[in-house]
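S.K.: Here the protein sequences come in this chain order: R and U.
Counting along the first sequence from 1, when you hit position 52 you're at 52 in full-length UniProt numbering, and nothing is skipped either side.
Counting along the second sequence from 1, when you hit position 221 you're at 221 in full-length UniProt numbering, and nothing is skipped either side.
Bear in mind the hints are in silico, worked out from the structure with no lab data behind them.
Computed from a predicted model, the values in this text were never measured in an experiment.
In this text, a Cβ means the ideal position worked out from N, Cα and C, and glycines have one as well.
Any given hint could turn out to be false.
If you want a taste of the chain U side facing chain R, the calculated C-beta under 7 Å gives, among others [to be verified]: (1) 101; (2) 103; (3) 156; (4) 161; (5) 165; (6) 239; (7) 250.
There are 2 protein chains.
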Amino acid sequence: MNVLWIFAHPEPRSLGGSLRDEGLRTLREEGADVRESDLYAMKWNPVVDAEDFGSAAQGGRLIVGATSKNAFVSGELSEDIRAEHEKLAWADTMVVQFPLWWYGMPAILKGWFDRVFVKGFAYGVRRPDGRTSRYGEGALAGKRAMVLLTAGAPEATIGPRGVNGEINDVLFPLQHGTLWYAGMSVLPPLTVCGADRVTPEQYDVAAEALRRRLRTLSTSDPIPFRSQNGGDYDEDLVLRDDLAPGRGGVGVHTS
Amino acid sequence: MNVLWIFAHPEPRSLGGSLRDEGLRTLREEGADVRESDLYAMKWNPVVDAEDFGSAAQGGRLIVGATSKNAFVSGELSEDIRAEHEKLAWADTMVVQFPLWWYGMPAILKGWFDRVFVKGFAYGVRRPDGRTSRYGEGALAGKRAMVLLTAGAPEATIGPRGVNGEINDVLFPLQHGTLWYAGMSVLPPLTVCGADRVTPEQYDVAAEALRRRLRTLSTSDPIPFRSQNGGDYDEDLVLRDDLAPGRGGVGVHTS
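Just need the whole structure built from these sequences, with the hints factored in.
M.R.: Take a look at the structure:
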């Protein structure tokens, strides 16, 4: 197993930092090869702009999707982006770890996806039948991903009817709209609640839960998101009437 | 009306840039006072780190929430953050405009919220009864916000059963988990689809829709998100059993 661990916390001496260390140690004990992108340590630049795209961005108006594809194809993407592509090509599994800030990723991590998941690499690839490879298909299909979160919110508040929204609903843009969109199989997330307040006993429970999840990374069942091109969506990419009939919400996109 | 317009697009000569210009012109014609935070033009730094917090971050481990509150109270937050606080204090209405990237905000905008919405300013304020002011209450209560989006996806794909998820579900972390969390009333979003492909006729339709929405900014009904402390949630902040009984999903948090 080749695991790429993405870590996006400004403080290594945090709950998140301890879990990262625990996780890397566990994976190595299990015989996995591990590489890390520690975004704060790398001083990762999260801002997409013309400087990412070399000569592809010269002249006129910047159209991000098309220009990023041209730069990807011509090999002119910034070196830091190409280094992440090389890691992703090597990896069969990705762990994405972050503290939940405003119910999403810290900007440094969002900007990792914005800059690394460029057109031609992670999306915008067509199948022979003209449909776009997307949601379960694409360049990253066959790889697995898991989100590892630390959150200040108490567990009940991110449960099914908690005031903050159920955690899988909150993570829909990342788990479905990014990872699954690009083709990756997404394992259920592991959320450690009560960040900044955990006791040593609670930490032990969280670390054991993490070890258990990492030992089954290659075997556990992914979230059963529906494939775009598997027959569940019509030509307009709307869910067929006979599936989850009469319902809406993000839950209908899971079979 | 005092409107703060947040704009997060790398290319002013884009569909988004044209709509921004149209929007600012319309508001001024209507007699509104307008200020803008054009994040790319400002070269906004989106990355939270210890340098934001002055002497509050000196020594030991960085605990982002507590440290940001100390720096806010002592007036030691970075100057660029304090400038945004001053704009927010001035504004009664905020427009948040961005191109939808990976079903979320561009990193530069996510990092505007990460760095500006610090503890003590936008969250973490207690009521006399000990409950936290959150979701409909808080320092920003009484202000209005509206999201203005440009998206490459066709309209049906972000509709109720579209493959990308309904746009309000996709925006839940921003509209509910950030704006409403901090107390702001959130108007329904305006989404302009087909970015990079709109015809002049389609642009005219979009611009007219925008003008109509801006003329009713102060009078139109916000999304009826439930208040945390209004009686709909129990002591664990879980929705009462008799409301939307048996259901889950983000939709249960709207009354």
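S.K.: It remains to establish, for every hint, whether it holds in the given structure.
M.R.: Hints and how they fare:
{"no.": "1", "hint": "101", "result": "5 Å, holds"}
{"no.": "2", "hint": "103", "result": "3 Å, holds"}
{"no.": "3", "hint": "156", "result": "4 Å, holds"}
{"no.": "4", "hint": "161", "result": "4 Å, holds"}
{"no.": "5", "hint": "165", "result": "5 Å, holds"}
{"no.": "6", "hint": "239", "result": "4 Å, holds"}
{"no.": "7", "hint": "250", "result": "5 Å, holds"}
The earlier numbered hints are all upheld by this structure, with none contradicted.
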